[in-house]
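Trainee: For the protein sequence lines, the chains are U and G, in the order given.
By the numbering used here, the letter at position 268 of the first sequence is numbered 268, and the numbering carries on one by one without gaps.
By the numbering used here, the letter at position 500 of the second sequence is numbered 500, and the numbering carries on one by one without gaps.
Do not rely on the hints blindly, as some may be mistaken.
As the list makes no split between identical chains, a pair holds if one copy fits it or if it spans any two.
Taking lysine-lysine and the DSBU-like style, the derived pairs with C-alpha atoms no more than 30 angstroms apart in a straight line are [claimed, not checked]: (1) Lys524 <-> Lys476; (2) Lys316 <-> Lys392; (3) Lys476 <-> Lys164; (4) Lys524 <-> Lys299.
Calculated from the structure, these hints are not laboratory results.
Here are the chains, one letter per residue:
Protein chains: 2
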Amino acid sequence: MNMYLYGYGPKNNEKFILVDVGVAFPDMESSPGVDLIMADPTYITDRADRLEGIFITHAHEDHIGALGHLFPRLQAPIYCRAFTAAIARNKMERAGQDPEMVREIGVWPETVEVGPFEVGFVPISHSIPEASALVIDTPAGRIFHSGDFKIDTDPVVGEAFDAKLMQEIAADGIMAFVCDSTNVFSPEPGRSESSLPPAITQMMREATGMVVATTFGSNVARLKTLAQAAVDAGRSVVVVGRAMSTMINTGQSTGVLTDFPPIVDLEDSKDIPRDQLMVLATGSQGERRAASAQLAQGKYRGLEMKDGDTFLFSSKTIPGNEIGVGRIHNMFAQKGVNVVSGDDRYHVSGHANRPDLLELQRLLNPDLVIPMHGEYRHLREHVILSEGNGRKAVIASNGVMIDITNDAKIVENIDTGRLYLDGTVLIGALDGIVRQRLQFAMRGHVVVSLMIDDDQGLIDGVWAEGHGLPDARNAKNGLDGLLEEAIENDLRKAKRGALSDDEAVEMIVSRASNRVCKTAIGKKPVCTVLINRMVAE
Amino acid sequence: MNMYLYGYGPKNNEKFILVDVGVAFPDMESSPGVDLIMADPTYITDRADRLEGIFITHAHEDHIGALGHLFPRLQAPIYCRAFTAAIARNKMERAGQDPEMVREIGVWPETVEVGPFEVGFVPISHSIPEASALVIDTPAGRIFHSGDFKIDTDPVVGEAFDAKLMQEIAADGIMAFVCDSTNVFSPEPGRSESSLPPAITQMMREATGMVVATTFGSNVARLKTLAQAAVDAGRSVVVVGRAMSTMINTGQSTGVLTDFPPIVDLEDSKDIPRDQLMVLATGSQGERRAASAQLAQGKYRGLEMKDGDTFLFSSKTIPGNEIGVGRIHNMFAQKGVNVVSGDDRYHVSGHANRPDLLELQRLLNPDLVIPMHGEYRHLREHVILSEGNGRKAVIASNGVMIDITNDAKIVENIDTGRLYLDGTVLIGALDGIVRQRLQFAMRGHVVVSLMIDDDQGLIDGVWAEGHGLPDARNAKNGLDGLLEEAIENDLRKAKRGALSDDEAVEMIVSRASNRVCKTAIGKKPVCTVLINRMVAE
């Protein structure tokens, strides 16, 4: 969930620009039921009147996904290139925001001036069209913000990495190089997208049945690589999954994707022999609702994989998604489908590896390296790598504000955090809402309803229900019966007057619930008490 | 959670032996709050009078962990070797079962006769002491059950893999070879434990500060490798984490672990310079409560890691644990600790790789290969590998009963499933209990309390509380207020007599809750209704 803030000007009167407004995805471990995770922009929204512009480097969700959700708090013009702009407008529209706030910018040497900043988009190779580095000029000097990038001089779709352009940009000096760190632990030089076609074509030629391939929908270069390999292997190309079709259409309508092989409608593919078909499907990360998962479980829109077919993950499994991807693999194995997964012949990364990071440092020759993208361990490793290369480098972790003009000193530690989109509401990650849901998941929930009359007497006993809890097998009336008996007993024994105080009642009930459940089932559930106080009329 | 059942005899009067009684570990994704997962032994417990014995191949939790929990349902003598027996007795005692049911057996050619079976323990190399394959002789022929194994002719601790012994055992023919499949996707021959010391020693020599190393506590060979490397690098050895100390003690007391370097008490290590210390710590899989995680967060029993220290994962991260391990890595990185992770120089697997599987097939020359251990995709790949090697092989997935004597025909598909240890209660994975907890985690919980008098009238309105839910920000009385208003309204509008039926009331309330929450916060929570019916006295 990338979000970077640059400021220039006198203290407390700086002007700002924001680079990228991304999301991260929830998991059951920490954020069950949450729809999206994004950075908490409170520091920026408190200064939104001084935010001059929002720049989006490329259209991956971790760089653009929060745009629609956070725009109401940011309210500044959005600048990006054409392909990114198409996606950005869509995000704005779906969030009920004005898509006209998105402004298309051409590539360097074109620039846009916003406040004290002059910003240009430098084409750089990655795994989505029109990925860009940013040149950010300020009166104090030039910043080079790499965005996500790799060094690919033949990327199949879009602009090649242009070493000469980098050197030209750096000719008058780079004050700070803010650089992608994702693959800092990968020791070998990265490989080009154009290294894949021979192996993929051979695989598709040798496959005996239908081939289904998945990758990130936004990696239109890979989609083209896969489709062209299919055609070269004598197969027709079908695309299933809405996200993938959308990306291909966006690529074609914005002119970045050309010469894509003809796509056959799924309906029209029924007459084509299976061994002459190659299907591109969404869901490379094991997402349960995507086409790949549905194919693994059975059918997707009438399409079914069979014994002898081949399923290709032309992708890397993102840490955390191994179980989901493995589940798909197992389901396909049960159908007799050959699954090809984690094979470097059929996938290259979109990020610069260790030697590539050093190569771009060499081309830019910056005064300072500030690693970004990645967890703390990546940032630290990138600093060590840079210092080993004789460069000054500094770790800027979440919330750290650095004065680039003043020896890279840390000048402020800003409270940052996460916002969750939970249903349709933005909540703070630490609001306790999701924490409570996690408690229910771990411990179950005992719900107790009481009626107390105005003489502080219990009316008609107590209702107690355990939810998400095993029953107490040896108890005649089950766990609920044990709970009711114990709670009633404890309440009747309570000191005179205690029942007039809701908190005291809750305490008595919770203690009884903990005691009963610990003994009967070995758990201490969350306990909620609903107190109905009857008033004589 | 391994559990294998062998039977011999006329239909419906077979005698049985059980091999291994393991557990799997829960995760938030599918089993939040669960303590342990084990196979549902219903088919066996229905025939427990014909269960002649339980054989445990080795003491890893996925082979022995359910012994104490399921023994009450199985009630048969337990056979294993001395090291495994020490652990088995401990499991029995902690579950309140009789440890005397555990019987120590020596190694092949010693055997034990149980019913129509004669079973022997064959030493085989793995990553825990006294791991054993089983020779299971029946009147119909000999079965070789590999257990977990690797081919290691110099395993540092315990017996080396003995090819000649395997050939001797196979001399009169092997009817079926039931074989570990864990590493069937690993193409290179496995490496020996004894290949590690030079690299580990060098690393510990070059490290500038304290070194902390983690691995599975039961891998006492690795513990010895690490400890000896430390001593060779001039470091004293400290052990932190109870599980690790227990394993070392068990290894020493059962005689399998000898010549372990001297261990210094943590308290006595305070005077030793940091660069002369090597600490063995539990928690190689990122477990939150283990010593490694606590060290990463701060201190563990006064021990603290500092800038320039080194933390070594001498282990592989099990799929599903990547996030937890990454979290530890990041926390250490923030302290300036150098983390060494996923480096093959410092870890070897305990399982046979693809060429090793073929090698043991060659030595045993079985009539039939039945892959075990691993997910369906592993079993399938193992069958394909075996068939490619000219052998008959068959997939026996969970619940599949195969007649080994009759062309490996599938003769029955037994309903199998999982039991969860939830607190102190064994529940079925599909009982709906955990499913309900997952629903709470995803959707939150609305709890409603009503009082209805015997004229079917609502008394004093409705109590509603949303738990684990965002509030409705624009509503004066919040989400709870909106819920109460809507529920009261709907109940008052309900058909005359509807309120006399609990189910009808619950339906009306749930619908109102869904409608209100969907509109106000975009979620549909679980809804629980507690109906208090007042009876005139």
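Trainee: It remains to establish, for every hint, whether it holds in the given structure.
Mentor: Going through the hints against the structure:
no., hint, verdict
1, Lys524 <-> Lys476, "within (21 angstroms within a copy, 34 angstroms between copies)"
2, Lys316 <-> Lys392, "neither (32 angstroms within a copy, 34 angstroms between copies)"
3, Lys476 <-> Lys164, "neither (82 angstroms within a copy, 62 angstroms between copies)"
4, Lys524 <-> Lys299, "between (43 angstroms within a copy, 28 angstroms between copies)"
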